[in-house]
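Going down the list, the sequences are from chains A and B. So in this note's numbering, spot 3 of the first sequence is number 7, and the numbers just go up one at a time. So in this note's numbering, spot 315 of the second sequence is number 529, and the numbers just go up one at a time.
Any given hint might turn out to be false.
[Unchecked claim] Reference listing, derived: stretches of chain B covered by chain A, where coverage requires no fewer than 3 residues with Cβ under 8 Å from a Cβ of chain A: (1) 321 to 330; (2) 339 to 345; (3) 388 to 402.
The set of hints was computed from the structure by calculation and includes no laboratory data. Positions of the beta carbon are idealized from the N, C-alpha and C atoms, including for glycine.
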Amino acid sequence: MDLDRLIKGGLIVLVCLWMTVAVVFPVLELLVRSLSNAQGEFTGLANFSRYFRTPALAGSLTNSLTVSLITTMVSVSLGFLFAYALTRTAIPGKTLFLGIAMVPVFAPTLLNGIVLVYLFGKKGVVTTGAFGLLERVTGMALRADIGLYGPVGIILAEAFYTFPQVVLILSIALRMTDARLYEAAQSLGASPWRSFISVTLPGIRYGLISAVFVSFVLCFTDFGAPKVVGGNYNVLATDIYKQVIGQQNFSMGATVSVILLIPTVIAFAIDRFCQGRQQAVVGTGSVPYSPRRHPLRDALFLTYCIVISCAVLCFLTTAFFVSLVNVWPYDFTLTWKHYHFHDTGGGGYAAFFNSVRMSFYTALLGTCLTFGSAYLLEKLQETPLLRRIGYFLSIIPLALPGLVIGLAYIFFFNNPHLDLPFFPAGIPNPFNFLYGTMGILILCNIVHFYTVSFLTATTALKQLEKELEMVSESMGVPFYRTCFRVTVPVCLPAILEIALYYFVNSMATVSAVIFLYSAEIPLASVAVANMDDAGDVAPAAAMSMLIVFTNILVRLVYTLLTRSLKQSAQAWTAP
Amino acid sequence: MGQYPEHPTMETNSPSGDKVSPPRLPHGNGKRGIEDFPVAPEEPYLQARGITKRFGRSNALRDVSFQADKGEFLCVLGPSGCGKTTLLRIIAGLEKQDAGSVHLRGEDFSNVPVSKRNVGIVFQSYALFPNLTAAQNIAYGLRIRSRRRASIQDRVESLLRLMGLSGFGSKFPAQLSGGQQQRVALARAMALSPHLLLLDEPLSALDAQVRLMLRGEVKQLQRRLNITTLMVTHDQEEALTMADRILVMEGGEVVQIGTPMEIYEKPATPFVASFVGSMNFMGRALKETHRVYRLGEIRLHVSRGDHVTQGSHATIAIRPEDIVVNRISHSQNSLSTKVVSLEFRGPLYRATLSLPLGAAEQCLLQADIPTEKIRRFGISENGQLDVELPSDRIHVYAA
Numbered sequence: 005m006d007l008d009r010l011i012k013g014g015l016i017v018l019v020c021l022w023m024t025v026a027v028v029f030p031v032l033e034l035l036v037r038s039l040s041n042a043q044g045e046f047t048g049l050a051n052f053s054r055y056f057r058t059p060a061l062a063g064s065l066t067n068s069l070t071v072s073l074i075t076t077m078v079s080v081s082l083g084f085l086f087a088y089a090l091t092r093t094a095i096p097g098k099t100l101f102l103g104i105a106m107v108p109v110f111a112p113t114l115l116n117g118i119v120l121v122y123l124f125g126k127k128g129v130v131t132t133g134a135f136g137l138l139e140r141v142t143g144m145a146l147r148a149d150i151g152l153y154g155p156v157g158i159i160l161a162e163a164f165y166t167f168p169q170v171v172l173i174l175s176i177a178l179r180m181t182d183a184r185l186y187e188a189a190q191s192l193g194a195s196p197w198r199s200f201i202s203v204t205l206p207g208i209r210y211g212l213i214s215a216v217f218v219s220f221v222l223c224f225t226d227f228g229a230p231k232v233v234g235g236n237y238n239v240l241a242t243d244i245y246k247q248v249i250g251q252q253n254f255s256m257g258a259t260v261s262v263i264l265l266i267p268t269v270i271a272f273a274i275d276r277f278c279q280g281r282q283q284a285v286v287g288t289g290s291v292p293y294s295p296r297r298h299p300l301r302d303a304l305f306l307t308y309c310i311v312i313s314c315a316v317l318c319f320l321t322t323a324f325f326v327s328l329v330n331v332w333p334y335d336f337t338l339t340w341k342h343y344h345f346h347d348t349g350g351g352g353y354a355a356f357f358n359s360v361r362m363s364f365y366t367a368l369l370g371t372c373l374t375f376g377s378a379y380l381l382e383k384l385q386e387t388p389l390l391r392r393i394g395y396f397l398s399i400i401p402l403a404l405p406g407l408v409i410g411l412a413y414i415f416f417f418n419n420p421h422l423d424l425p426f427f428p429a430g431i432p433n434p435f436n437f438l439y440g441t442m443g444i445l446i447l448c449n450i451v452h453f454y455t456v457s458f459l460t461a462t463t464a465l466k467q468l469e470k471e472l473e474m475v476s477e478s479m480g481v482p483f484y485r486t487c488f489r490v491t492v493p494v495c496l497p498a499i500l501e502i503a504l505y506y507f508v509n510s511m512a513t514v515s516a517v518i519f520l521y522s523a524e525i526p527l528a529s530v531a532v533a534n535m536d537d538a539g540d541v542a543p544a545a546a547m548s549m550l551i552v553f554t555n556i557l558v559r560l561v562y563t564l565l566t567r568s569l570k571q572s573a574q575a576w577t578a579p
Numbered sequence: 215m216g217q218y219p220e221h222p223t224m225e226t227n228s229p230s231g232d233k234v235s236p237p238r239l240p241h242g243n244g245k246r247g248i249e250d251f252p253v254a255p256e257e258p259y260l261q262a263r264g265i266t267k268r269f270g271r272s273n274a275l276r277d278v279s280f281q282a283d284k285g286e287f288l289c290v291l292g293p294s295g296c297g298k299t300t301l302l303r304i305i306a307g308l309e310k311q312d313a314g315s316v317h318l319r320g321e322d323f324s325n326v327p328v329s330k331r332n333v334g335i336v337f338q339s340y341a342l343f344p345n346l347t348a349a350q351n352i353a354y355g356l357r358i359r360s361r362r363r364a365s366i367q368d369r370v371e372s373l374l375r376l377m378g379l380s381g382f383g384s385k386f387p388a389q390l391s392g393g394q395q396q397r398v399a400l401a402r403a404m405a406l407s408p409h410l411l412l413l414d415e416p417l418s419a420l421d422a423q424v425r426l427m428l429r430g431e432v433k434q435l436q437r438r439l440n441i442t443t444l445m446v447t448h449d450q451e452e453a454l455t456m457a458d459r460i461l462v463m464e465g466g467e468v469v470q471i472g473t474p475m476e477i478y479e480k481p482a483t484p485f486v487a488s489f490v491g492s493m494n495f496m497g498r499a500l501k502e503t504h505r506v507y508r509l510g511e512i513r514l515h516v517s518r519g520d521h522v523t524q525g526s527h528a529t530i531a532i533r534p535e536d537i538v539v540n541r542i543s544h545s546q547n548s549l550s551t552k553v554v555s556l557e558f559r560g561p562l563y564r565a566t567l568s569l570p571l572g573a574a575e576q577c578l579l580q581a582d583i584p585t586e587k588i589r590r591f592g593i594s595e596n597g598q599l600d601v602e603l604p605s606d607r608i609h610v611y612a613a
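In isolation and in its complexed conformation, chain B is listed as follows (with noise of 0.2 Å):
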């Protein structure tokens, strides 16, 4: 990482001993700095335990527990009203948690103000001061720790290098694009080297080029600059490509914990199996021997739902681009169905197929075919399709 000059973090141990940002404490505990004291290998870096909040009388919150390590990226994912923002501002101390407790370095957080915290928060809205500069916005803070003028230029100076925006210091926030003013408010929230970055929906707000753009730039920086990050956020796609774990909270209550990876491909309930990526829920079966459904008349093999006792029901699901095309078929789970329809998008074909579970039954699976496997085997709609679903991407959900 030592080829980035620029690195803000870097300017901490620079010889002049002029440290970008005091260690904060709990107000008024006495005790040394946070940083003197040496942290021990098994004590996680941020955690929280246990967090419960109330509105009135509906559960924003019940019982939140999660761990981050120093350096990480954790996404926050789930629907809108799922409590995590709610999480969010709880961490940054904008909110007070009703019972649970937040940790830093192994500290007591939970009662240490928002001042004292030296989190770095960044909003969808990016909540830039309308009538200062990008420089003054990012000087902002540092102002305050009467720091001399020129050290303070040259922070704000390598802060504005390292988010590509050299050059327009002197612009104000009403003079750049909606990109540039994401950057100008992380640049803000970078500048007092924080202990954690907090993103409120940093991306939600700007257009889906600059999304995707800023999605790497911001993935990138937190990266060199190894700062451990809690990001909130509804976008699936986002929470994939960003964070090492994610975090799925569905009323208030986290539902799963763990790499973007492990969400995908083991995605530990039908909620979290529909809201990060999509798939077919097949319907009530029987499970009939070790690992052998019976879905109407047809038998499924599975590789996984051990826990489902013999004799009653799951739920068997799978994604549309495990499903398997093939022309001639030989393995043991293949299907003959109907084509219902054929839905283009680009690369592939979103395909909608009816598969016949009996006399009257039938069930209606997705599947996204490639583009040049729907040209090679001339598949059209009302036409018959055999397909494999093959056994170690069944998932199977105890009912």
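Next up, chain A with everything else stripped away, as it sits in the complex (with noise of 0.2 Å):
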């Protein structure tokens, strides 16, 4: 046997153990738990059946159904409209529309909450007509109460939040239509809108599918919007944390994550065959498609784009606006006061910093083990079974939301003794140690946005052929050296794009890091949480307009990079 084999089959070895300790084990732990009491003893379904006899407890599951199917058809049918003015029609500023609508990325969902609160809730802008100001001057009643706190407030705040992802996944679908099918539905006489019907909506029915799942899993599985406005209209995600941090009940905290997970799972399972069959759609032939002009419809669109803009762009001003004002809505001079914490819990910059910290971590060892795994997944020829087993457990964590990772970690790590079959009395837990430390919170981030992360990395190298391997192998030289030399110079775009990803999302989510961060680690996310609860709004979403601005930093930095890394590999991309 000789030694390049023998390394090449132990870190793919390497690779399928570590998604092990990392996602199967704490969920099979979490899994445990659910069919447990309290005590630990094994109770098999009698949680589940309790959950379902408590009015209280299974009215959340209906609720959280009913916001997430209402969510979809919002945020799906004007993420449609958008992604299809950015892709089939003339209008200018496609970029920029783009840019503006992938804002809401970079903010935690508690602030979607907090500005809904502030334009909409009791004392809100729009509630209260800008108080009494529109009345005095027009003599007019124009005030509105949309009753914000429960369903309409989380459908707000979450359809916000779905908005991003649906534009991007149809606007890859649109892209990927083939203009061939067009020239030929014209040719036949077809209608705009009969080829609309016969070409478009066929040839993106799975990215179509892909965005409701998308839109679906995210908003049934958040837990900062509703926190924020869902007053007393009980979600599944709040419901964990309550029984979890207000109860301590963790039995009822695991049972609930697992009937969480059901719908989430079917879901992603929908989705993955559809994202499969999606590639399918196009062959390598196929020709790009160009709009042409064409006055009346591009209008109509540039119009939209506009009013959506200008929406989230207000969302995002009266956040900051929010954040600078001294007290709401009595005294409206502005001032930095609320971005110095002084008197409010959270932990302050403190917080911040930690955040940063770990977001820079998870940013620099997520990538390195995400892009790592992905080749030798991808790349390397050994052990076909056992990189098989590798690459559907790094699929797996897109299933499991934020909330389930989290608490399944906190089973998993904190528990001192693993209990294994055919060991009663268990073994001492050799990852206790990362309970409570930076390790755990970095760790969660990794595997809560591997799969995506996967993806890229996987993609990025399916694009190198397969022979280069071949021909390095042929001449002696070892295949880290040619991973090196050749692979990850090449797959560097890529490699940023998930840092970025990493980074961005790690310092915006609130669900997986709620249940795992400890006093000695304050997170910014968690002091919005935080600090809301207290009733320091105004800090909250001034720690919230920190974590953008970070965000937004980051974003420009990463682009200064790509354009940079594109022209010194300007040589060598060139057809």
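From these two lone chains plus the hints, build me the complex, please.
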């Protein structure tokens, strides 16, 4: 047996091992807990039957499904029109519009709720008609109470949150259509409407299904928005939080998690199936579609894009404004005092810098881990069965909501003993030391955002011919040398993209880390939740804005890096 | 051959004593280098014995054996899916055979990994490292052998010159044409003076003209360096023009091995006959007497086909270019036909002739007739044409 093959095989085993420890064990632990009582005794489905017999709890499931379905309808319709405008019309400023539409990704979902409260809440701008100003000026009762707290608020906030994802998925799907199909339809005398029904919709059907499920799952599992604007309207995600943090009822928390997991896993399976199909729709010989001018249509879509972009910018401006106003709604002088975090909980700047550090490490380690794993699974020829298992394990995290990962991590890493089959006494948990450290936060974030990054890396790697590895092997060059000399440089754009994705999401996420942060390591996004809880809403908005600004800054750095990278690599990427 | 100072293998014997490629052996067998062994004259340079490979339930290769001499150019020819690429990958060590063995200079290489076989491989897709220049691509395998920087540079320069790529060393693959890229790939494969050069459809991705040019260049280079080469192709013309010997494969098995002339002149099976060049299969004929067959109502004399027993049937075949057009018929296999259609092909016409075999029966024949003859004899569609099927050009396949 030669050394090279041994090393390769060993590395693939390592990939499968780390995925097992970081994903499979914690989820198994969670499943076991959902079937046990508080004392850890096995009780079968007792928790589940208790859940469904308690009306206050069981109602949450219906509530979650209701808001998720409505949100999905809203955001997919809005997102489709927006994506259509960006890909199929000749409007100006497409890049700008796309950039603005992506802004909500940078903010914690809690911020969506906070802004909604300031706009539509009891003392909100719209609810009070700009604090009676409109009534005094116009003499009419220009005010509207939309009944924010409850489903309305949740749907608004979640639609805002899922909109960018829908736009992204649908604009990719819309861009992948073959222009020749439209030419064929046109030459056969089809009306624009007919070719929309018979060419456009079938062409993006998988993308559409994917958008529906992604937005459903994001909304179904989100915790930030319902926490702020949910009022007495309980949903599953807030239930888990209340059971675990409020009542310290971990078994019930696990049970609700499993109930949350079931629709998510189903949606995930359907989505994976559709993603696979979407790639097969367009062949390599297809011609990209380039839209022609059409004054009326373009004017309509331009108006639409401007309205949506203004809404997004208005949202962001309101958030910024809220964080600057002295005492809402009594004293509108502007001040930076909310950015001092002097007499608020949550940890202030320590929390902010912890978040930056955590996101930086997540980006650094996550990118290395993700790209390395994807490389080993994609490019090596050894142990095909093990590589397939590794690939499967890498896809699983996509189906796991942040709250579920967080809770599963408490169960697994806080457990001093590992209960293994055939070892009645168990063995000491070798990963216990991670609990309560920065390490577990980083690991949790890596797993939470693993699959999307992994798929980005895999796609980039697939674009390199597999013969490159064979050629270097035939010349006796070890595989790692070719990896560092050729594969990594060629994949650098994808690597940067993965790093950005990890950083931005780690900054904004609340759900995965809210169970795992410790008093010594406060985090910015958690501080937003805690300050909002304590009524320090303006500082909460200020902290959110810090997160948003940091993410925008990092995004700018990324753009500059990519641009200079493109320039230096121009020689060998030129056609 | 000494008139080529840039001959890469000549550097091996340069006075500096800096060996281009240390002989590499099956790992850890404790023997001396292969090159130290005198090669017995009867020992073939490369030998494959009974190679079998299964993918799932289907047989990709069944009991494939062949051998090649030092410096020989061997072509593996066959339609897609016949297992030819699998065979190349097994010889390279990229794939492991289920049964059989590969020997190089009498040494069993079957379990030696690709990195220790010292083979140069060129793929259809070129497989050049996109972020490295042509020179860096060529030097890629040299650098790992900790040679001095200057000597690497010399070697790369001489290879670039050899390939007619002088001055292109600093270009990236994306800046080179398809033909140039494939030359770089070839130079890279040659850089380590491999024992064996393996070419996997190296010319298929190129334009027709470039392909024709590279065909000659590759062949010339291979001759000059005297490197044993195995090339896989589905292009019969490529195989006929380049190979010293051709190995025709069908359905995972070798159906014929021979020189291009042998393969073309004496195709062993109807498959080979139709895959290499074109062939008229005239249908089942009855063997009447020694070297005389009856097809419908006509009688054909042949000078082959002794393997068929009298009174049994055989398939009679003839190549289109072997059909002779005569004004005055006098020889034994002269036949009267009708011209069904004429297709102009420049120097010749491909004529479709209808040959009556009996009252209702007829047989269609393709014949290649020089344009000059068409003009001279005034041959036209729907006219009568007397042709001769020379008895020594008729192929007989036992039915």
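Please check whether the region 321 to 330 of chain B has three or more residues whose CB lies within less than 8 Å of a CB on chain A.
Result for this restraint: holds, n = 4.
Do at least three Cβ atoms from the region 339 to 345 of chain B come closer than 8 Å to Cβ atoms of chain A?
holds (count 5)
Stated coverage of the region 388 to 402 of chain B by chain A [criterion: 3+ residues, CB within 8 Å]
holds (count 3)
Violated hints are absent here; each numbered hint is respected by the structure.
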